[in-house]
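Full structure from sequences and hints, please.
In order, the protein sequence lines correspond to chains A and B.
So in our numbering, spot 285 of the first sequence is number 285, and the numbers just go up one at a time.
Going from the second sequence to our numbering is simple: count from 1 and add 1000.
All clues given are correct.
Listed below are the simulated DSSO-like cross-link pairs for lysine-lysine, each with C-alpha atoms no more than 30 Å apart in a straight line: (1) K1384(B) x K70(A); (2) K1013(B) x K114(A); (3) K1217(B) x K135(A); (4) K1217(B) x K56(A); (5) K1213(B) x K110(A); (6) K1005(B) x K154(A); (7) K1213(B) x K136(A); (8) K110(A) x K1012(B); (9) K108(A) x K1229(B); (10) K78(A) x K1384(B); (11) K1009(B) x K1229(B); (12) K114(A) x K1005(B); (13) K59(A) x K1229(B); (14) K211(A) x K67(A); (15) K130(A) x K1009(B); (16) K1124(B) x K1078(B); (17) K130(A) x K1213(B); (18) K1229(B) x K130(A); (19) K16(A) x K1213(B); (20) K1217(B) x K136(A); (21) K1005(B) x K131(A); (22) K1229(B) x K114(A).
If we take Cβ atoms under 10 Å as the criterion, some of the chain B residues that face chain A in the derived model are: (23) F1211; (24) N1221; (25) S1226.
Source of the hints: derived by calculation from the structure; they are not laboratory data.
Predicted, not measured: the structure shown is a model, and the values here were computed from it.
Every residue gets a Cβ at the ideal spot worked out from N, C-alpha and C, and that includes glycine.
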Amino acid sequence: MGASVITVENLVKRYKELIALDHFNLDIKEGEIFGLLGPNGSGKTTTMNCILSLLKYDKGVIKIFGKEMKPDSYELKKDIGVVMQNVAVFDELTVYENVDYFCGLYIKDKATRKQYVEEAIQFVDLEKFKKFYPKKLSGGLLRRLNIACGIAHKPKLIFLDEPTVAVDPQSRNNILEGIVKLNKNGATIVYTSHYMEEVEQICTRIMIMDKGKNITQGTAAELKKMIRNTETIHIEILNLPDSVIEKIKELTHVYKVEYAENLLKVFYNGGKHNLIKVLDLLSKEDLSFGRVYSELPTLNDVFLEITGKELRD
Amino acid sequence: MQVFKTYFKVSKKHLGAFFIYTTIFIVLLSVFVAQRKEESDPAAFQSSKIKVSIFDHDQSDLSTSLVSFISENHNIVKIDEDLKSIRDKMYIRDVEYVLIIPEGFEKKLTSTDIDPSYGLEAYKFPGSVSATFIQSQINSFLNIYSSYTILGYDANTANEKTLETLSLETEANVSAALEEKISVPHIYYTIICYILVSVIVMCIAPIIIVFNKEELKNRTNLSCVSQVKRNLSIAAASLIFTLLIFLLFTVISFFMAGNEMKTGIGALRILNTFVNSIVCLSFAFMIATFVTNENQLTFIANFFGLASSFLCGVFVGREFLGKAVVNFSKILPAYWYMDVEIALSKYNNISQFTESTTRTLTYGYVIQILFAIVMFSVGMVISKSRKSA
Chain A
1 MGASVITVEN
11 LVKRYKELIA
21 LDHFNLDIKE
31 GEIFGLLGPN
41 GSGKTTTMNC
51 ILSLLKYDKG
61 VIKIFGKEMK
71 PDSYELKKDI
81 GVVMQNVAVF
91 DELTVYENVD
101 YFCGLYIKDK
111 ATRKQYVEEA
121 IQFVDLEKFK
131 KFYPKKLSGG
141 LLRRLNIACG
151 IAHKPKLIFL
161 DEPTVAVDPQ
171 SRNNILEGIV
181 KLNKNGATIV
191 YTSHYMEEVE
201 QICTRIMIMD
211 KGKNITQGTA
221 AELKKMIRNT
231 ETIHIEILNL
241 PDSVIEKIKE
251 LTHVYKVEYA
261 ENLLKVFYNG
271 GKHNLIKVLD
281 LLSKEDLSFG
291 RVYSELPTLN
301 DVFLEITGKE
311 LRD
Chain B
1001 MQVFKTYFKV
1011 SKKHLGAFFI
1021 YTTIFIVLLS
1031 VFVAQRKEES
1041 DPAAFQSSKI
1051 KVSIFDHDQS
1061 DLSTSLVSFI
1071 SENHNIVKID
1081 EDLKSIRDKM
1091 YIRDVEYVLI
1101 IPEGFEKKLT
1111 STDIDPSYGL
1121 EAYKFPGSVS
1131 ATFIQSQINS
1141 FLNIYSSYTI
1151 LGYDANTANE
1161 KTLETLSLET
1171 EANVSAALEE
1181 KISVPHIYYT
1191 IICYILVSVI
1201 VMCIAPIIIV
1211 FNKEELKNRT
1221 NLSCVSQVKR
1231 NLSIAAASLI
1241 FTLLIFLLFT
1251 VISFFMAGNE
1261 MKTGIGALRI
1271 LNTFVNSIVC
1281 LSFAFMIATF
1291 VTNENQLTFI
1301 ANFFGLASSF
1311 LCGVFVGREF
1321 LGKAVVNFSK
1331 ILPAYWYMDV
1341 EIALSKYNNI
1351 SQFTESTTRT
1361 LTYGYVIQIL
1371 FAIVMFSVGM
1381 VISKSRKSA
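Below you can see the structure in the form of C-alpha cells.
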C-alpha cells in the first residue's frame, strides 16, 4: 500500500449542540478509491468540507500529502480536485469557458491550460456540447461538466461528493467508469455516497459512517465478513407446516428462519451448496414451491447489523 | 486574473440592462430637452391667426383700411350675412369672430361723440381668448387712428400712420433664469442621476451575485486563488466596469452639450457624476450581498432609482415638492448629487461662485463619498455575517 495521502486524527466538529464529527479518524493511502458511505446526515460532507478547509472544526489534525491542511495551503490545493455535491458552474459561460475558468484557477500557462481543458472535456465526453450553456444541458451532462471542472487541472487527489445524485442510470455508469479511469491514471479518489451499490462497485476501501463516527472500514469483502450472514435464500411456498420450518432450522449453518406472507427466508452463516440442501428437504416433505432465489450480503446488511438501521433511512 | 477576466465574460450576459437603460435615458433626455425648449424658447413663439368674417356696410376709407388690417393678420372666411348662417358657422368652428361694420362708422369715429364700441357689432364665443385677442387688435387700431385724427392728420395720413405704428416690433431679451432652464447639460446631468443608479445596479449587482453564489464561491476558495485575491479581482473589475459606464455617459454629454461641457462648470458636473457613480457601485455591492435573484434585484433597483429620483428633484423640481419631502430626501445620496447640480446650473463660470456655492459643492461631494463608504461597509458586514453563519 502507498503512502498516506490524507490523515485525519481526532476530528471534532460541532454545530452548536449537535456533534457532526465525533473524534473522527481517517487514513487514506495513495492510489485508493476510498468510499465514505453512510446515510444522509451521517457526516460525510462535513468530513470532506473540514478536510478541504471549507469548514472550521473544533478539534483535530488534518494532513494532506503529509502537510497540515489550512485555508491558505495554496500549494496543497494545487494537487486537489473537488467535485461538489451541488453543481458549481457559471450559467453565463459555455461548457468550454466553465472548464477553462476552473482550470485557470490552477494552471496559468495558456497552452497547457488549453490542452488540459480539451482533455477534460474529452474525458467526460462533452466535446459535442463545448459551446452549450449549462441551462441547455440535461442533468447527467451537467454532472459530467461539474466533474470536468473539478478534474481539468489533473489533480493527484480528487474529492467527489455524491456526484451521481439525480442522474439517469446511463450517465451514472459513465460517471463511475470515468472515476475508475481517473484512478487508473494515478489519482487518489475520495468518494462519498449513500448509494451502497456504487461504493461497492468502484471503491477499493470503504468506511461506513454514522452520526459523525467511523463505524467500520475495509474492503467490501472484508466488511461483509464482519457480519454473520453469508447467504439468504428466499422461497415462495404456500402453507408451510411448522414442523418443516423446525426441520429447516436444524440444517447446518442455518441461524434464522422467517416465514411470512408465503415467503420463506433462510439465513446462513457459512457453508456451500445451501440452496440444494433446503430444496432437497422441501422435496422430501413433498412440498411444491414457486420462485427461488439466493442473496449474498450487501453493505446495507453490514450497516443494518452494526447499527440496527437501514442505510437508506 | 482568471476571476477578473471571467467577470467580464459574465458581464456580457448582463449587458441587456445597460442597453435598455441607455435607450430609456436617451429617449427621456430628448423628451425633456424638447419639452423645456418648447416651454421657454422664444424662437418657438408663433403668432396665431383667427378665422374672421367681416361685413363692411360703411365702405369708407377707414372701414376698408380696418378690413385690410384684419385680413393681413387673420384668415378671412366668407359667409352669408344672416343670423342663422352666422350661428351655424360659429357652432361648427368655421368662424371664431364675426365683425359687422355699420354704415356711418367712419363719421361716428371722427365725431366728438365718443362711443367706446364705435358702433361696431361683433359675434363671438363667450370668454373666447381668440375673440378677446382680435377685439384688442381692433381697439388698438381704432384708438391709434382716433389719436392721429385728433392731432389733425387727414384720414389717409392717419390711416398710414396707424398701420405704421402697429407694425412696430420690439426685441425682447430672455432672462438668465429662463436660459438656465433650457441648459442641455443641466437636463442631461439631472436625468443621469436616475440612469446611473439603474444601469450600474442592474449591470454590476447581477455579476457580483453570480460570483457570490455559495457553490461557486466555495469552489473558487478551494483553488489556489485566495479569497482576498478573488474579492480584489471582483472589486477591480466592478470599478473598471463602473468607470466605463461613467466614461460612456460623459462622452455622450460632450456630444450633446458640446462647448458647454468644456468649462469649469462642465468639469465639476463630471466630477459630481463620477462621485455618484462610486455611490451607485457601493449600492450595487451592498444589495448584491443580500439579494439572491434578479427579480428581487430589478425590484430594488427600480424602486430605489425611481423613488430617490422623484424625492430628490430629478424628475420633479424641488420647488414643487413639500418641505417635509425635501427634508426627508436628505437621507438619500441623490439629494446631494442634485444639490451640487442645482448649484452648478445657476452659473456660467466658476469665477461667479459665491462662498455659499463652494460650500454647497463641497458638502455635496463629501456627503456622497460618505454614503459610498457607509454602503460599502454595510455590504462588508452583511457579507461577513453570512460567511460566519
